[in-house]
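Make a model of the complete structure from these sequences and hints.
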Amino acid sequence: MLVTASAGGTAAPTILVFGDSLSAGYGIELELSWVSLLQARLKEQGYEHQVVNASISGETTEGGATRIDSALADFTPELIILELGANDGLRGFPVARMQSNLEKIVQRAKASGAAVVLLGIRIPSNYGARYSAEFEGVFRQVSADEGIQWIEFFMEGIALNDELLQDDRI
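Note that this note's numbering numbers the sequence shown so that position 87 is 396, with each residue one more than the last.
Since the hints were derived computationally from the structure, they do not count as laboratory data.
Fair warning: there could be bad hints in the mix.
[To be verified] Just the calculated beta-carbon pair ranges, DEER-fashion:
#, residue 1, residue 2, range
1, Gln458, Ala320, 19 to 29 Å
2, Tyr356, Ala438, 38 to 48 Å
3, Gly456, Arg350, 24 to 34 Å
4, Glu371, Gly437, 15 to 25 Å
5, Glu353, Tyr436, 34 to 44 Å
6, Pro433, Thr385, 18 to 28 Å
For every residue, glycine included, the Cβ atom is placed at its ideal position computed from N, Cα and C.
Structural data, given as structure tokens:
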């Protein structure tokens, strides 16, 4: 878990990254993960934010929904970067269940006073074009329904570059 404290004894604003292996940095050196790079970029640009990575490899939206309250209590973030859903999609879970779980996470985060940015994911079309389209639509729908910011495909520029993929092609 990446945590960086601020200088001067005052609590720095906390950004909580709440995701799966894509955010946990599975299979790469910790300092090369996008979360570590975010912390470095913030520091480089003079921001004192503390980035906390509460991501778990293999996590699903259901798992995230069960542990969001604990993460909110432990870290009291001002901002949550929510990156979950890839494992739901890779396992062919119902998109309606994934949407419900994401909505629960977002609603609990907003109720705590945190802003939320939802990171959209795309998956291979293993379950057909219809499933993939419905899956991708969930992120847009949750963003619209909950009035939060959304990044359509945060892995753009990475996911289609063979040199940057893991051995499992993810």
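Okay, the hints, checked on the actual structure:
As the Cβ distance of Gln458 to Ala320 is approximately 24 Å, the hint placing it in 19 to 29 Å holds. For the pair Tyr356 and Ala438, the beta carbons lie near 41 Å from each other, so the given range of 38 to 48 Å is met. Taken as a hint, the range 24 to 34 Å holds for the pair Gly456 and Arg350, whose Cβ atoms sit roughly 27 Å apart. Checked against the hint of 15 to 25 Å, the C-beta distance between Glu371 and Gly437 comes to roughly 22 Å, which is consistent with it.
Take Glu353 and Tyr436: their Cβ atoms lie about 41 Å apart, and the range 34 to 44 Å holds. The given range of 18 to 28 Å is broken by Pro433 and Thr385, whose C-beta atoms sit roughly 37 Å from each other.
The structure does not agree with numbered hint 6 stated previously, though it agrees with all others.
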